[in-house]
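Trainee: Going by our numbering, the sequence shown opens with residue 1, and the numbers climb by one from there.
Hints were generated in silico from the structure; no laboratory data involved.
Owing to the predicted nature of the structure, the values given are computational and were not obtained by experimental measurement.
Note that CB positions come from ideal geometry on N, CA and C, so glycine has one too.
There could be a bad hint or two in this list.
Calculated lysine-lysine pairs in the DSSO-like style (CA-CA distance at most 30 Å, straight line) [claimed, not checked]:
| hint | residue 1 | residue 2 |
| --- | --- | --- |
| 1 | K120 | K108 |
| 2 | K292 | K106 |
| 3 | K195 | K244 |
| 4 | K106 | K143 |
| 5 | K108 | K229 |
| 6 | K240 | K229 |
| 7 | K77 | K120 |
| 8 | K244 | K229 |
| 9 | K108 | K77 |
| 10 | K244 | K284 |
| 11 | K233 | K244 |
| 12 | K89 | K39 |
| 13 | K89 | K120 |
| 14 | K278 | K229 |
| 15 | K292 | K187 |
| 16 | K39 | K77 |
| 17 | K106 | K39 |
| 18 | K108 | K39 |
| 19 | K240 | K284 |
| 20 | K292 | K278 |
| 21 | K229 | K292 |
| 22 | K106 | K240 |
| 23 | K143 | K187 |
| 24 | K108 | K244 |
| 25 | K233 | K195 |
| 26 | K143 | K233 |
| 27 | K278 | K120 |
| 28 | K106 | K120 |
Here are the in silico distance ranges between beta carbons for each label pair [said to hold, decoys possible]:
| hint | residue 1 | residue 2 | range |
| --- | --- | --- | --- |
| 29 | A208 | G272 | 24 to 30 Å |
| 30 | L189 | E118 | 26 to 32 Å |
| 31 | L246 | L274 | 15 to 21 Å |
| 32 | R228 | A282 | 22 to 28 Å |
| 33 | E74 | A216 | 31 to 37 Å |
| 34 | L271 | V158 | 27 to 33 Å |
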Amino acid sequence: LFGGERAHGGSLPILPSQTFPPPSTGKNLGRGEGGKGLKVGIVGGGRLGSSLLRGLLRAGFPQSELMVCERDEERAKNLSLQFGVGVVKECGPLLENSEVIFIAVKPKELEGVLEEMEGKVEGKIVLSCVAGVPLERMEGRLKGARVFRLMPNLACSVGEGAMVYSSGTGGEEERRKVEGLLEKLGKPLEVPEEKMDVVTALSGSGPAYFSLVIQALAEAAEELGMPRKEALKLASQTAKGTGKMLLELELEPEELIRMVASPGGTTEAALGELERGKVFEAFKRALRVAWKRAGELG
1 LFGGERAHGG SLPILPSQTF PPPSTGKNLG RGEGGKGLKV GIVGGGRLGS SLLRGLLRAG
61 FPQSELMVCE RDEERAKNLS LQFGVGVVKE CGPLLENSEV IFIAVKPKEL EGVLEEMEGK
121 VEGKIVLSCV AGVPLERMEG RLKGARVFRL MPNLACSVGE GAMVYSSGTG GEEERRKVEG
181 LLEKLGKPLE VPEEKMDVVT ALSGSGPAYF SLVIQALAEA AEELGMPRKE ALKLASQTAK
241 GTGKMLLELE LEPEELIRMV ASPGGTTEAA LGELERGKVF EAFKRALRVA WKRAGELG
């Protein structure tokens with residue numbers, strides 16, 4: 001049921017040198033706040049599933065309270081070796097032992113997952129990360145579950161995810177647990193479900209857009225003589241710092257542009273070239289295409 005690639009393809013790269021805190025080093029994460037004592041299962045061990053897992057462990061979530069269901073034998077072995085958590089090939093043990101369950105599979109794999117979950121998740125919190133699939137479908141199949149629709153992005157692996165969700169059958173108590181859990185992975189934001197396809201196009205796919213910009217800038221710098229490694233570091237740090245300024249100083253993008261672009265300077269010249277290339281409109285068209293595709297997936 002869960003073979004092949006997961007929510008966004010294969011797993012993240014295996015990093016043999018990376019270590020995670022053992023179960024005893026949990027950071028006072030309370031059960032009601034999405035932490036210690038709250039057993040979490042992740043269905044799907046691909047890029048998104050492994051990003052969720054990596055982020056929870058990075059935040060100090062105990063390995064003993066995490067479980068992954070991954071049918072692919074090689075991927076399951078890698079997950080177990082890399083992260084030190086329980087990995088099962090069938091969902092039964094995960095469904096039985098988990099209080100919160102992330103569904104992190106591709107839309108085409110969802111039907112098989114739902115067949116295995118039906119009748120086994122009453123009273124449990126289910127977070128569906130499947131792009132384009134409405135709450136109504138999930139709630140209709142998972143009777144008695146407290147269902148939420150979630151659109152994270154891969155930055156949750158480093159605690160900086162945009163963790164956007166819509167509440168379904170979950171009440172206030174479940175919502176608090178979900179928020180507490182998502183805070184370990186990034187910044188949670190609740191939105192009406194009708195906005196979720198836009199969220200999918202914006203923040204779900206967003207890391208790829210920004211990576212494309214960073215790639216273009218780094219390659220241009222490399223062509224001008226800068227070593228690639230240093231160029232990537234500078235471009236990435238510039239993107240990180242820009243986002244942090246916009247968030248922490250509550251600036252509009254236009255304000256920051258004006259702060260950087262002096263009349264007749266290098267920035268103004270560069271922005272003029274981007275305008276001639278209609279880059280701004282291209283990004284807007286790209287987001288609309290992604291939004292349309294998200295609606296088709298459900």
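Trainee: Does each hint hold? Answer for all of them.
Mentor: Going through the hints against the structure:
With a C-alpha separation of about 21 Å, the suggested pair K120 and K108 falls inside the 30 Å cut-off, and the hint holds. Proximity of K292 to K106 is assessed by CA-CA distance (about 17 Å); at most 30 Å being required, the pair is judged to hold. Straight-line distance between C-alpha atoms of K195 and K244 comes to about 24 Å, which keeps the hinted pair within the 30 Å bound. Proposed proximity of K106 and K143 is supported: the alpha carbons are some 21 Å apart, at most 30 Å.
Between K108 and K229 the CA atoms are separated by roughly 38 Å; this puts the pair beyond 30 Å, and the hint is violated. Note on K240 and K229: the hinted pairing holds, with a Cα-Cα distance of about 16 Å set against a maximum of 30 Å. Proposed proximity of K77 and K120 is supported: the alpha carbons are some 26 Å apart, at most 30 Å. Among the hinted pairs, K244 with K229 is consistent with the structure: their alpha-carbon atoms are about 23 Å apart, no more than 30 Å.
Simply put, K108 and K77 have alpha-carbon atoms about 24 Å apart, close enough for the 30 Å limit, and the pair holds. The suggested pairing of K244 with K284 holds, with an alpha-carbon distance near 22 Å, which does not exceed 30 Å. A threshold of 30 Å between alpha carbons decides the hint, and for K233 with K244 the separation of about 16 Å falls inside it, so the pair holds. Between K89 and K39 the alpha-carbon distance is near 18 Å, which keeps this suggested pair within the 30 Å criterion.
For the proposed pair K89 and K120, the alpha carbon gap of about 17 Å is at most 30 Å, so the pair holds. Straight-line distance between C-alpha atoms of K278 and K229 comes to about 29 Å, which keeps the hinted pair within the 30 Å bound. The straight-line distance between the Cα atoms of K292 and K187 is roughly 25 Å, inside the 30 Å bound, and the hint therefore holds. Only pairs whose Cα atoms come within 30 Å are accepted, and K39 paired with K77 is accepted, the gap being roughly 21 Å.
Between K106 and K39 the alpha-carbon distance is near 23 Å, which keeps this suggested pair within the 30 Å criterion. Between K108 and K39 the CA atoms are separated by roughly 27 Å; this keeps the pair inside 30 Å, and the hint holds. Our distance criterion of 30 Å between C-alpha atoms is met by K240 and K284, whose separation comes to about 21 Å. For the given pair, K292 sits about 21 Å from K278 by alpha-carbon distance, which is consistent with the 30 Å threshold.
This hinted pair does not check out: K229 and K292 have alpha carbons roughly 36 Å apart, beyond 30 Å. The suggested pairing of K106 with K240 holds, with an alpha-carbon distance near 29 Å, which does not exceed 30 Å. Restraint check: the Cα-Cα separation between K143 and K187 comes to about 29 Å, which is no more than 30 Å; the hinted pair holds. Between K108 and K244 the CA atoms are separated by roughly 36 Å; this puts the pair beyond 30 Å, and the hint is violated.
A distance of roughly 34 Å separates the Cα atoms of K233 and K195; the hinted pair therefore is violated under the 30 Å criterion. Between K143 and K233 the alpha-carbon distance is near 48 Å, which puts this suggested pair outside the 30 Å criterion. For the hint pairing K278 with K120, the CA-to-CA distance comes to about 52 Å; that exceeds 30 Å, so the pair is violated. About 21 Å separates the Cα atoms of K106 and K120, which keeps this hinted pair within 30 Å; it holds.
In this structure the supplied range 24 to 30 Å holds for A208 paired with G272, their Cβ-Cβ distance being about 26 Å. Between L189 and E118 the CB atoms are about 30 Å apart, so this pair conforms to the stated range of 26 to 32 Å. Range check, L246 to L274: about 18 Å between beta-carbon atoms, so the 15 to 21 Å window is met. Between R228 and A282 the CB atoms are about 25 Å apart, so this pair conforms to the stated range of 22 to 28 Å.
With their beta carbons about 34 Å apart, E74 and A216 fall inside the hinted range of 31 to 37 Å. For the pair L271 and V158, the beta carbons lie near 30 Å from each other, so the given range of 27 to 33 Å is met.
Violation of the numbered hints given earlier is confined to hints 5, 21, 24, 25, 26, 27; the remaining hints are satisfied by the structure.
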